[in-house]
Structure formats: structure tokens, C-alpha cells
Amino acid sequence: MKTKLLVLAAGLLLSLNAFAISLHDAKSQGLVGEQTNGYLGIVKSSPDASALAKQVNAKRKSHYQKIAKKNGISVAEVSKMAAEKAMKATKKGQFIQSKSGKWIKK
Amino acid sequence: MIALLALTGCTPTVKIEPPDKPIVINLNVKIEHEIRIKIDKELDELLTNDELF
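So the sequence lines, in the order shown, correspond to chains V and D.
Going by full-length UniProt numbering, the residue at position 47 of the first sequence is 47; the numbering climbs one at a time, nothing skipped.
Going by full-length UniProt numbering, the residue at position 4 of the second sequence is 4; the numbering climbs one at a time, nothing skipped.
By construction, these hints were calculated from the structure, which means they are not laboratory data.
Since the structure is predicted, the reported quantities are computational estimates derived from the model, not experimental observations.
One or more of the hints may lead you astray.
The list that follows gives simulated cross-link-like pairs (lysine-lysine, DSBU-like), each with its CA atoms no further than 35 angstroms apart [unchecked claim]:
no., chain 1, residue 1, chain 2, residue 2
1, V, K2, D, K38
2, D, K41, V, K70
3, V, K54, V, K91
4, D, K38, V, K70
5, V, K2, D, K41
6, D, K38, V, K99
7, D, K38, V, K106
8, V, K105, V, K59
9, D, K41, V, K66
10, V, K102, D, K38
11, V, K102, V, K69
12, D, K38, V, K80
13, V, K80, V, K106
14, D, K41, V, K54
15, V, K91, V, K59
16, D, K41, V, K61
17, V, K105, V, K54
18, D, K41, V, K102
19, D, K41, V, K85
Work out the full structure, taking the sequences as your base and the hints as a guide.
See below:
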């Protein structure tokens, strides 16, 4: 268990440097935004943005799965709740997805 | 005689019949609510993680 945590921590530390662009920067530059499904979406297509979204979404998914399993509900339900929260927490000037799938600047 | 009739006439009869089916109390709503609150809290923690949100 302890080694698992250590590996996870090291992985997180390393993955921080692996991004050419940070999540925060990508959000404020309008490259990525919050989707209605609880995952990060690409607003402006670029290799950096898609690499970032892929990594962040994989991490989000594993967290959603953990929460879902712990509470005995579906991952989809957890991610839907997360989407609501993430959109609410999105700062002005950053992008969120509308129900119809369009990107809106908050 | 009349008094006796009046007395017996006024004796209330309360009948309690046990239900033939077992009593079922559904607590699903409350449990669901508690789970929602728990998930809400856990998601709040996730949202503070700069790598995720």
C-alpha cells in the first residue's frame, strides 16, 4: 500500500513536468473547457491541448471510478455531478460546454 | 336495567388487527440522500486538485 502511494505520488510529480502546458494556463488561454460529462474538452485544437486533456481526463476518470465504487453508484452519475460542480467553479472568461454541445465563454 | 343498557352501549370496542403482510419501511430515499452528500464532499475535494480541475 505504502509503495503504491509512493509510486502514485512520484507519478503525479513527474506528470506535472510532462505537460508542455499547465491545466490552468490551458484553461485561461481558452484551449480547453469543461464539458457536460465531467471531462475536459478541447476548445481550440492543438497537440498540447489534446495531450493535456487526455492526461487530465484519465486522472479524473480514475477518481470518478473510485468514488462511484465506494458509494455504489454509477461512474456516469458521479461524473455528471462533477460536471455541474466544475462548471460552477469555472472562472469568468474560461469555456464551458452548453447542453447542445457548444462552447460558451463564461 | 336502563342504566346497565346505557353502560354496555357506551363501552367502546377497539379492535386491533395485525396486518397480514409484514410492515415494510422504505429508507432508500434517506440513504440516497446521504450518499449524495458524501459524493458532493468528495467531489469538492477533487475540485481543489489543480491537476484535475
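A quick look at each hint next to the structure:
Simply put, K2/V and K38/D have alpha-carbon atoms about 26 angstroms apart, close enough for the 35 angstroms limit, and the pair holds. Restraint check: the Cα-Cα separation between K41/D and K70/V comes to about 13 angstroms, which is no more than 35 angstroms; the hinted pair holds. At most 35 angstroms may separate the alpha-carbon atoms for a hinted pair to count; K54/V and K91/V meet this at roughly 22 angstroms. With a C-alpha separation of about 10 angstroms, the suggested pairing of K38/D with K70/V holds against the 35 angstroms cut-off.
Under the criterion of a C-alpha separation no larger than 35 angstroms, the hint pairing K2/V with K41/D is consistent with the structure, at around 25 angstroms. At most 35 angstroms may separate the alpha-carbon atoms for a hinted pair to count; K38/D and K99/V meet this at roughly 26 angstroms. For the hint pairing K38/D with K106/V, the CA-to-CA distance comes to about 28 angstroms; that is within 35 angstroms, so the pair holds. Taken as a hint, the K105/V and K59/V pair is honoured in the structure, with Cα atoms around 25 angstroms apart against an allowance of 35 angstroms.
Under the criterion of a C-alpha separation no larger than 35 angstroms, the hint pairing K41/D with K66/V is consistent with the structure, at around 14 angstroms. Only pairs whose Cα atoms come within 35 angstroms are accepted, and K102/V paired with K38/D is accepted, the gap being roughly 31 angstroms. A hinted pair counts as satisfied when its Cα atoms are at most 35 angstroms apart, and K102/V with K69/V qualifies at roughly 31 angstroms. As the CA atoms of K38/D and K80/V are separated by approximately 15 angstroms, the hinted pair is consistent with the 35 angstroms bound.
Restraint check for K80/V and K106/V: satisfied, since their Cα atoms lie roughly 19 angstroms apart, inside the 35 angstroms limit. Taken as a hint, the K41/D and K54/V pair is honoured in the structure, with Cα atoms around 25 angstroms apart against an allowance of 35 angstroms. For the hint pairing K91/V with K59/V, the CA-to-CA distance comes to about 21 angstroms; that is within 35 angstroms, so the pair holds. This hinted pair checks out: K41/D and K61/V have alpha carbons roughly 17 angstroms apart, not beyond 35 angstroms.
Note on K105/V and K54/V: the hinted pairing holds, with a Cα-Cα distance of about 22 angstroms set against a maximum of 35 angstroms. This hinted pair checks out: K41/D and K102/V have alpha carbons roughly 29 angstroms apart, not beyond 35 angstroms. With a C-alpha separation of about 11 angstroms, the suggested pair K41/D and K85/V falls inside the 35 angstroms cut-off, and the hint holds.
Violated hints for the displayed structure: none, as all numbered hints are satisfied.
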